[in-house]
Amino acid sequence: MAVNKIYGSCDSAVADIPDGAVIMIGGFGSFGGLPINLIVALAKQGAKDLTVIANQGGVGFELSKRIKPGGYPDIGALYEKGQVKKFIGSVPALGGMPPTSPLETFHREGKVEVELVPQGTLAERIRAGAGGLGGFYTPTGVGTPVEIGKEKKVINGKEYLLELPLAADFAFIKAHKADTAGNLVYRGTARCFNPIMAMAARTTIVEVDEIMPLGQLDPEAIITPHIFVNRIVEVPR
Amino acid sequence: MKTRLDEQTIALRVAKEFADGMVVNLGYGMPGLCANCIPEGRTIYFHSENGVLGYGPLADDRVKDYELINASDQPVTRLPGMCFFDSALSFDMIRGGHIDLVVLGAYQVSQEGDLANWGRPGRPATGMGGGMDLAVGCKQRLVMMLHTTKEGAPRIVKQCSFPLTARKCVDKIFTDLAVIEVTGQGLILKEIARAWTAQEIQALTEASLIPADDLKEIEL
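Protein chains in written order, with this note's numbering: chain Z, 108 to 344; chain L, 14 to 233.
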């Protein structure tokens, strides 16, 4: 009998996340691909001293109304509850927005540490972590503040920086559909960081619009193979 | 009448650079407007770093789908032939030189084509997003920005005082006043807004501009 990966609620799927955990959170910008129900469950669960690895820091509910009418919850909920000690990502705060997002405010007050990573480097560091690599050389960031403290190497006459892998204890993933084994398909630009983060964590937790019986997903179309998925929660749209 | 171009008009001018069949990435903010300005008869494949190639114009309120957005979080529309992929593959396209042209916003551009477009004094948590990868990897790098700050300070400078996105990466600058080409000889002033003179544009520019022999009015 195969392991049952299906959880009845986001609350039960995040219940065992301990203080100090490193968590990757999928998504790209403010919405679309963000596993928002898992984030809200974690905010309720209350684990502290978390390290969050995500492309974006979130804008918080108040600022979100400037982006989408009516607003929406995002990763900002975790800072507002004081659960995060460090953020690693490419857009902690949006320069075009007032400096009042929860992460930007807490960073200014010295409560949250921020590690800025160029977006392509972030994606590749996650892929390296997922694929068992010790790092890679990239031209991105040469001659900028990103190069500080990093090994530089000239390869075929061009300068590169050594970047190291990223991995996590947990990954929160938003997919469109899963089958009961945990194979995943995504929808539109909600794919973004989700497939690579799903591969880079010890425990990968996925919220999906719909769970299908085995055999109902086209094997040719599966993006994330089931071996990367540990827990699935169905949250109908 | 001496006026400055509005953002929509700058976008129209920038989009004239898009050649038929090009793969184009539009950076965060103002450059997103270019998606609605493709010159007639040309096919452009818009790439967005969140993982889509071949999207259509910005969506209007009736068809907004928040799982089909560009890198500026704006809902866009579907086109036949479009495709989706993950962030790692998307940046392989960018760093690997598979994107023909990028339009980036900027705070400052230097006379050597250095770009500063992500960090500002007093905002240590604003990030570079995909800008550094785009500036390093795309074949043509265009900048679209206002010629001066709200306070009237030049944005085209001798040396950037804001943190850099990449060194010597900008090929052409499009502002509300001018089109400027970055060359080994310096900044060539190619086109200027109606009723402005090269001297007036120079007065609003810290770096030296070299008026082109065929200097002309910005044409759309």
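Don't read these hints as lab results, they were simulated from the structure. These numbers were taken from a predicted model, which means no experiment stands behind them. Just to be clear, a hint being listed does not mean it is correct.
Straight-line alpha carbon distances no greater than 16 Å define the calculated EDC-like cross-link-like pairs of lysine to aspartate or glutamate that follow [claimed, not checked]:
{"no.": "1", "chain 1": "Z", "residue 1": "Lys175", "chain 2": "L", "residue 2": "Glu80"}
{"no.": "2", "chain 1": "L", "residue 1": "Lys181", "chain 2": "L", "residue 2": "Glu164"}
{"no.": "3", "chain 1": "L", "residue 1": "Lys181", "chain 2": "Z", "residue 2": "Glu266"}
Going through the hints against the structure:
1. Lys175(Z) with Glu80(L): Satisfied, since the Cα-Cα distance of roughly 13 Å is no more than 16 Å.
2. Lys181(L) with Glu164(L): Violated, at about 26 Å.
3. Lys181(L) with Glu266(Z): Status holds; Cα separation ~14 Å.
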